[in-house]
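S.K.: Below, each chain spelled out in residue letters.
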Amino acid sequence: MTSSDTSLPRNIVEGFGETLDALAQGSALTRPSHVTRLLSQVDVLTDSPEGFEFLLGHMGPLVEAGIFRDGPWEHPERLVPALVAGTLKAGGQTTLMEILSELRLLAIARGEIRNRSVTAEDAREFLRDVLVNSLNLLFPGETEEDRTLDPAVRAKIDHLMGLLRDEVPLEAIKSALATEIELICHQRPIVTRRALEIISLVKREVTLDASGEADRRLRHFLEAVYGPSPGSVSRSPSEYRAYLESATSAQLEEESRALAATLRDTGLAVWPHALLARRVASEPELLGRLLSLSRKGLAELEEHAETVAGLVDETIHPSSARAVYGLARLLDRGLLSHQPVREGLGRIGSLDLAPEVAEAISSARPESPRTPRQLLLADCLCVLGQPLGLGQGRNPTCQSARGISLWSRHAPGKLLEMIRTVARTNDLGMRFEGTTIRSSLVGQGLLEPENLDDQLDAVSLILVPHLDRIYNEMMRRAGGRGEDPHKWVNPAMYGHWIPNGFAAAYNAITGTITDYPTFLRTFYATHHPDYNRGHDLAYPNPVGIFLTSSSGALIGFHAVSILRVRRVEGQVRVFLYNPNTEGRQRWHADISPSVVGHGEEPGESSLPFHQFASRLYAFHYNPSDAGDLDMVDSDAIAPVEAAARESWGRSYQWLTPAVS
Amino acid sequence: MTPNTVALLGWSLPAIESVQKSGRPYVVVSFPDFEAYAAEHDIPFVAWNYNDWNEKSNALQLQELLAPYDVQFAVPLFEETVEWAGAVNSLLRDDPRLLNRGYLFRNKAMMKRKALLAGFRVGLFEEVHSRDQVHQFMSRLNEAELQLEGEDDAWVHLKPFSAAGTVGHKLLKSHAAIDERTVDEDFPCLVESHLPGQEFSVEAFIHGGRVRFMNITEYVKLGHSNHVPASPELEAKRPRIREATERLVTAFGIEYGMIHPEWFLTKDDTLSFGEVACRIPGGHIFELIERGHGFDPYQALVLCSDPATSDEELEQFFPDPTRKPESYAGCVMVYPKPGRVTGLEVPDELKEDPFFESHTLVPPSEHKVPEGREGFGNHYGTIFFRGSDPARMRELLVHYQDVDFFA
Numbered sequence: 002m003t004s005s006d007t008s009l010p011r012n013i014v015e016g017f018g019e020t021l022d023a024l025a026q027g028s029a030l031t032r033p034s035h036v037t038r039l040l041s042q043v044d045v046l047t048d049s050p051e052g053f054e055f056l057l058g059h060m061g062p063l064v065e066a067g068i069f070r071d072g073p074w075e076h077p078e079r080l081v082p083a084l085v086a087g088t089l090k091a092g093g094q095t096t097l098m099e100i101l102s103e104l105r106l107l108a109i110a111r112g113e114i115r116n117r118s119v120t121a122e123d124a125r126e127f128l129r130d131v132l133v134n135s136l137n138l139l140f141p142g143e144t145e146e147d148r149t150l151d152p153a154v155r156a157k158i159d160h161l162m163g164l165l166r167d168e169v170p171l172e173a174i175k176s177a178l179a180t181e182i183e184l185i186c187h188q189r190p191i192v193t194r195r196a197l198e199i200i201s202l203v204k205r206e207v208t209l210d211a212s213g214e215a216d217r218r219l220r221h222f223l224e225a226v227y228g229p230s231p232g233s234v235s236r237s238p239s240e241y242r243a244y245l246e247s248a249t250s251a252q253l254e255e256e257s258r259a260l261a262a263t264l265r266d267t268g269l270a271v272w273p274h275a276l277l278a279r280r281v282a283s284e285p286e287l288l289g290r291l292l293s294l295s296r297k298g299l300a301e302l303e304e305h306a307e308t309v310a311g312l313v314d315e316t317i318h319p320s321s322a323r324a325v326y327g328l329a330r331l332l333d334r335g336l337l338s339h340q341p342v343r344e345g346l347g348r349i350g351s352l353d354l355a356p357e358v359a360e361a362i363s364s365a366r367p368e369s370p371r372t373p374r375q376l377l378l379a380d381c382l383c384v385l386g387q388p389l390g391l392g393q394g395r396n397p398t399c400q401s402a403r404g405i406s407l408w409s410r411h412a413p414g415k416l417l418e419m420i421r422t423v424a425r426t427n428d429l430g431m432r433f434e435g436t437t438i439r440s441s442l443v444g445q446g447l448l449e450p451e452n453l454d455d456q457l458d459a460v461s462l463i464l465v466p467h468l469d470r471i472y473n474e475m476m477r478r479a480g481g482r483g484e485d486p487h488k489w490v491n492p493a494m495y496g497h498w499i500p501n502g503f504a505a506a507y508n509a510i511t512g513t514i515t516d517y518p519t520f521l522r523t524f525y526a527t528h529h530p531d532y533n534r535g536h537d538l539a540y541p542n543p544v545g546i547f548l549t550s551s552s553g554a555l556i557g558f559h560a561v562s563i564l565r566v567r568r569v570e571g572q573v574r575v576f577l578y579n580p581n582t583e584g585r586q587r588w589h590a591d592i593s594p595s596v597v598g599h600g601e602e603p604g605e606s607s608l609p610f611h612q613f614a615s616r617l618y619a620f621h622y623n624p625s626d627a628g629d630l631d632m633v634d635s636d637a638i639a640p641v642e643a644a645a646r647e648s649w650g651r652s653y654q655w656l657t658p659a660v661s
Numbered sequence: 005m006t007p008n009t010v011a012l013l014g015w016s017l018p019a020i021e022s023v024q025k026s027g028r029p030y031v032v033v034s035f036p037d038f039e040a041y042a043a044e045h046d047i048p049f050v051a052w053n054y055n056d057w058n059e060k061s062n063a064l065q066l067q068e069l070l071a072p073y074d075v076q077f078a079v080p081l082f083e084e085t086v087e088w089a090g091a092v093n094s095l096l097r098d099d100p101r102l103l104n105r106g107y108l109f110r111n112k113a114m115m116k117r118k119a120l121l122a123g124f125r126v127g128l129f130e131e132v133h134s135r136d137q138v139h140q141f142m143s144r145l146n147e148a149e150l151q152l153e154g155e156d157d158a159w160v161h162l163k164p165f166s167a168a169g170t171v172g173h174k175l176l177k178s179h180a181a182i183d184e185r186t187v188d189e190d191f192p193c194l195v196e197s198h199l200p201g202q203e204f205s206v207e208a209f210i211h212g213g214r215v216r217f218m219n220i221t222e223y224v225k226l227g228h229s230n231h232v233p234a235s236p237e238l239e240a241k242r243p244r245i246r247e248a249t250e251r252l253v254t255a256f257g258i259e260y261g262m263i264h265p266e267w268f269l270t271k272d273d274t275l276s277f278g279e280v281a282c283r284i285p286g287g288h289i290f291e292l293i294e295r296g297h298g299f300d301p302y303q304a305l306v307l308c309s310d311p312a313t314s315d316e317e318l319e320q321f322f323p324d325p326t327r328k329p330e331s332y333a334g335c336v337m338v339y340p341k342p343g344r345v346t347g348l349e350v351p352d353e354l355k356e357d358p359f360f361e362s363h364t365l366v367p368p369s370e371h372k373v374p375e376g377r378e379g380f381g382n383h384y385g386t387i388f389f390r391g392s393d394p395a396r397m398r399e400l401l402v403h404y405q406d407v408d409f410f411a
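Protein chains in written order, with our numbering: chain C, 2 to 661; chain U, 5 to 411.
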């Protein structure tokens, strides 16, 4: 015990000691009730820094007594730093247990207690990652989240962050912060908020040295956001606008080059990009330079200069600056030469929005003075330009996001038509087996409307609620047929790009795994270059994967799309689109797709083929491609099956013997 | 020598843990729902549905199921297991009257008649089968009270014959209330006149027909708050209360175990009998006894229920009755106000109080529905206090029973 104990209430210190003894002496039978009472005392102790020190000094006895036993925090080696912030904010017993969990790691890091699976170095690394993933808590700002947080919980988190900060100096997390920003930016998301927030925190809270590798990397992003060009670096937006008005052509040239460089490097378009784009909207040469277009993009710009100038005027504004990057990629894709796209954008640009749609867009972007229609059109450019930059936000709507991404790539005209329909009528109809399903006439989908995370692009914001309801209705209608309903729903939902062959790992009626080797062989035969004569996919293949916790327990199902399969440095890898906002999402203990380093395009993530196969539960294929399944080596699939059985497979009954 | 094997009738985790700690062999008899948990935690278990009583499910069958465990006595933990314990003990000790005593505890009208015959002051009571009979009962009470036109009706308590504690208890203060608050399912039941005075309970641990330890639990508000030991004012009446409790034990013929009578004491020292139970009392009373007196009341219950326990063991087990209490242990059971259960707010004032010990309040979303076998009502959590000043304790209990913790 430390001397600061004296400032703590005697009844709490004594009561804590007694409850701790009761917990230590009790068996599993009464542990839950002792833990509940102990947490009410921890609640008081975590109201003060002295209480935190007291608890930190008692982590050994607390762990021994079994405070974490049989609960989600039991094994410190299985905890995930990225989840800590959310759990801390949950309130109640959850917050208290999470605080104790961090204190245990802190005690391990300081060498005050020992753990069989976590070394002091592991613990320090974990706490560093917690800080990197909890920046909003570390540097409480004026975010919406902070405003709704219970002040008592806020105070507890502050005390904890204070302790962690002492243990993990900010300097030590510079490199982790730089990596975080780089990897987010590398994926070129449409919604750049998280990257911009971290950069803003770094600007506010971190002192950067002149030397140092991490400092240099962070400064690169700071400059990209807060001083991307000589003209904008020390000017306010209105001063910069005035500067651009009177700038010489050489100055405009220089601004374009500088802003193009940061756009190319980071994918981050900020207000100077927007102001310069507006200034040079009718000067294709400068605009082309600013947008850092490919040759194809330049040709496109030249051909449709007037359309582009109109689009810039309508969509680009400091509060919708990200559309500068979207426009650039749209031009590079040559989509304006595609008549349905040109026409579709024009129609959306002159649309009367349904009041509910306008309200949804405005309330998600309260800071923007632009009209909802202008914001929608701006994000149409992004969605068409960055199909792999689409994310589902914190919504359970991976299916819908995957659809929008697929249509952006392969049916942009159809997508714009859907956007237009929803924007005007707040309703959407899709055909399913001879009848039309109208979103306004069917029940709720996976998404609870009041829980929609609105940090989405405006296209997703208005489309997803409708797609989600329709998808759910299709699943309902296709249920009970004795097979996984995705077999019928995916082709109906996404369109004729989806082949009709369908394989599922498990039997939908019995919930058993009936013939896993054939399932795997079919996947290898149709997708692996060693067996499918090296054919590439023509269209993205919507597939279902199992997500498991680091301990292997089945967490749930997720929808991704296979984009391509390639041999990279001797290893066959699956490249995929993950509608989860973060392509680095962990799928299993040691299975996390990479987003860079193996030839991934921005927005793609990739996994070695066998790892991907071991997560798969359903995919589509063209039956005529399947060929002779026996060609697929048992040696190739045996380890895949073993990995499956050891993780999600534990939640199912297997009716086939393991591949020998 | 291995102690006698006990059958615990009813599912109580603290009781199981206490018996485990005492080293006594035991078997738990409870509903089949608990079988999986028991197996997982190596708890000797006999699945039994106490609600089924017929030619295929009776004490003889239960005795057969218990035979492999060499059970020598049974202890009822909850109200619904009391007559089963009586039946099993009757068979084990070959004494049919034990079963009848079990019934005595399970029928409040029979219990009151017995108390009346033994010379206790009880309220006026009747068994009623309809709402009309309640009206008649109230009218007769009014008559006896010489009610004048416009004066309030006499208060009538309506209680199911065989429910634990306050379950199903309705206080009817007027003829109108009889029609508004009773439902057909209430009948038949017991009605009784309102007993004046301060209500408290006694937990008397009995062995060989003698009271070996007697705790008095002071009710601050029935079903909401109480503390152990009782205040000095009430403890001053201990000899009188002890005498009455011993008379009750003799009259009811209780030899082994524990009884939990509720008494009313008026300012002029009139003691009235409310009712008596022989199972674990509700309202966290066992937890308060453990904190207030420093012994494990579950172990005490089992020890006293075993005829083979020696006087020396009992003397060693119970604390010296003349010992002055170091502190008072109290609790408030928190019931959320209707329609207001969205989030939990524990006021700083409570957390900073020197008497505050701990609480078991959880936000409603995290709240786990308590196991339905417990004898007390469905409160949402409990606040525990401890301190040396009984007056302050009472003040706190009175204050916090009205605080709304669920914003």
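For the record, the hints were derived by calculation from the structure and aren't laboratory data. C-beta: ideal position from N, C-alpha, C; glycine also. Just so you know, not all the hints are guaranteed correct.
[To be verified] Distance windows between CB atoms, simulated:
1. U:Ser134 - C:Arg11: 45 to 51 angstroms
2. U:Leu121 - C:Glu65: 31 to 37 angstroms
3. U:Ala51 - C:Glu75: 28 to 34 angstroms
4. U:Glu349 - C:Glu75: 25 to 31 angstroms
5. U:Glu39 - C:Gly61: 35 to 41 angstroms
6. U:Arg327 - C:Ser8: 46 to 52 angstroms
7. U:Val407 - C:Glu65: 31 to 37 angstroms
8. C:Ser593 - U:Ala51: 31 to 37 angstroms
S.K.: Next step is simple, just say for each hint if it's right about the structure.
M.R.: Right, here's what the structure says about each hint:
1. Separation of U:Ser134 from C:Arg11 is about 59 angstroms and departs from the stated range, judged on CB atoms against 45 to 51 angstroms.
2. Taking the beta carbon of each, U:Leu121 and C:Glu65 are about 57 angstroms apart, not inside 31 to 37 angstroms as hinted.
3. Between U:Ala51 and C:Glu75 the Cβ separation comes to about 30 angstroms, which falls inside the hinted range of 28 to 34 angstroms.
4. Checked against the hint of 25 to 31 angstroms, the C-beta distance between U:Glu349 and C:Glu75 comes to roughly 30 angstroms, which is consistent with it.
5. In this structure the hint that U:Glu39 and C:Gly61 lie 35 to 41 angstroms apart at CB holds, the actual value being about 37 angstroms.
6. U:Arg327 and C:Ser8 have their C-beta atoms about 33 angstroms apart, which leaves the hinted 46 to 52 angstroms range violated.
7. Taking the beta carbon of each, U:Val407 and C:Glu65 are about 36 angstroms apart, inside 31 to 37 angstroms as hinted.
8. One distance hint, 31 to 37 angstroms for the beta-carbon pair C:Ser593 and U:Ala51, is violated here, with the actual separation near 47 angstroms.
Violated hints for the displayed structure, listed by number in ascending order: 1, 2, 6 and 8.
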